[in-house]
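**Q** Residue numbers for the sequence shown follow the numbering used here, so the first one is 21 and each next one is one higher.
Quick caveat, the hints were computed from the structure, so don't treat them as lab data. Just so you know, not all the hints are guaranteed correct.
Stated by the list, open to error - Okay, derived cross-link-like pairs now, DSSO-like style, lysine-lysine, Cα gap no bigger than 30 Å in a straight line:
| id | residue 1 | residue 2 |
| --- | --- | --- |
| 1 | Lys141 | Lys104 |
| 2 | Lys242 | Lys129 |
| 3 | Lys129 | Lys104 |
| 4 | Lys216 | Lys141 |
Note that the structure is a prediction, hence the values are computed from the model and not measured.
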Amino acid sequence: MVETLIAEAGSEQLLMLEVTQTGVQIGVLKDGQASTWAYRDGTVGKVIGDLTYVNQATFSIDRFNIDDVGALFATAAAVSGSSKEQALNIVDNAGGDVVMSVATVPETKTVFFNPNGTLLKLLDFDNVDGIRTGLSDALGIRTLVYSITVSSSQGVQVICTGGTDRLVHRTRGLRVPVTTVTIPGNSDLPEFSATKVDAATIWRVVNSLRDGKRAPLNADWKVVIDDRAGHGSPRMYVSVGDVNVTTTLGGTIISE
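Throw the hints in and build the complete structure from the sequences for me.
**A** So, in structure tokens, the structure goes:
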């Protein structure tokens, strides 16, 4: 049915897809204009919708595994605890990041999937694997950044240039995929290479401070990495409970 709607619309540049148990709806971009097409009550055709094109990302349906929507619904129901009026959605979540999810009405917990149909990994930042995945997801293809923040409760945020007088904030949360927000402005911080940031080092420093003496074993923590001091090399500003230390990227403590 999705392929039928795409053929009717005359464009493979999708802006959105919604699949429910009773209908299918797509939004396409053609000649710079957005339009909505749907299968409803046994009829295929163009429908009136509020979809507009505001430079959101387009996508090809071939990127996403929707061969078994029923299985996606079943998985989402097991995770969220509800199967009421489920809807599979594929859409630009924010800033060019197209995501696939299943939601319910009334909304319980939106369940996110990877393009291949597997569940999006829920990240636990109290281990090195969670930190490593969060950094990789938030950075994407970016190598030069102004700052990186890793938080046990909030996830990873990366701030980098978005072009002239624009900043990009990319965030990978614990339970949600990457969101991208572009705002006007410039940074006073120097850029540095994110390839120098090591998840294992971050975890080693945090873990050494959460020793039950300087900070509780389960204390929340945050690490901000930037070159605010203008040394030509970024520092890690680590907060664990009430303990604050500054280290090199290699984890050597400079001040406490």
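**Q** Below or equal to 30 Å on CA atoms is what counts here, so check Lys216 against Lys141.
**A** 25 Å, holds
**Q** Hint check: Lys129 vs Lys104, CA-CA at most 30 Å. Holds or violated?
**A** 12 Å, holds
**Q** Taken at face value, is the distance from the CA of Lys129 to the CA of Lys242 at most 30 Å?
**A** 26 Å, holds
**Q** Within a Cα-Cα threshold of 30 Å, do Lys141 and Lys104 meet the stated pairing?
**A** Distance of about 24 Å is within 30 Å: holds.
Taken one by one, the earlier hints all hold for this structure without exception.
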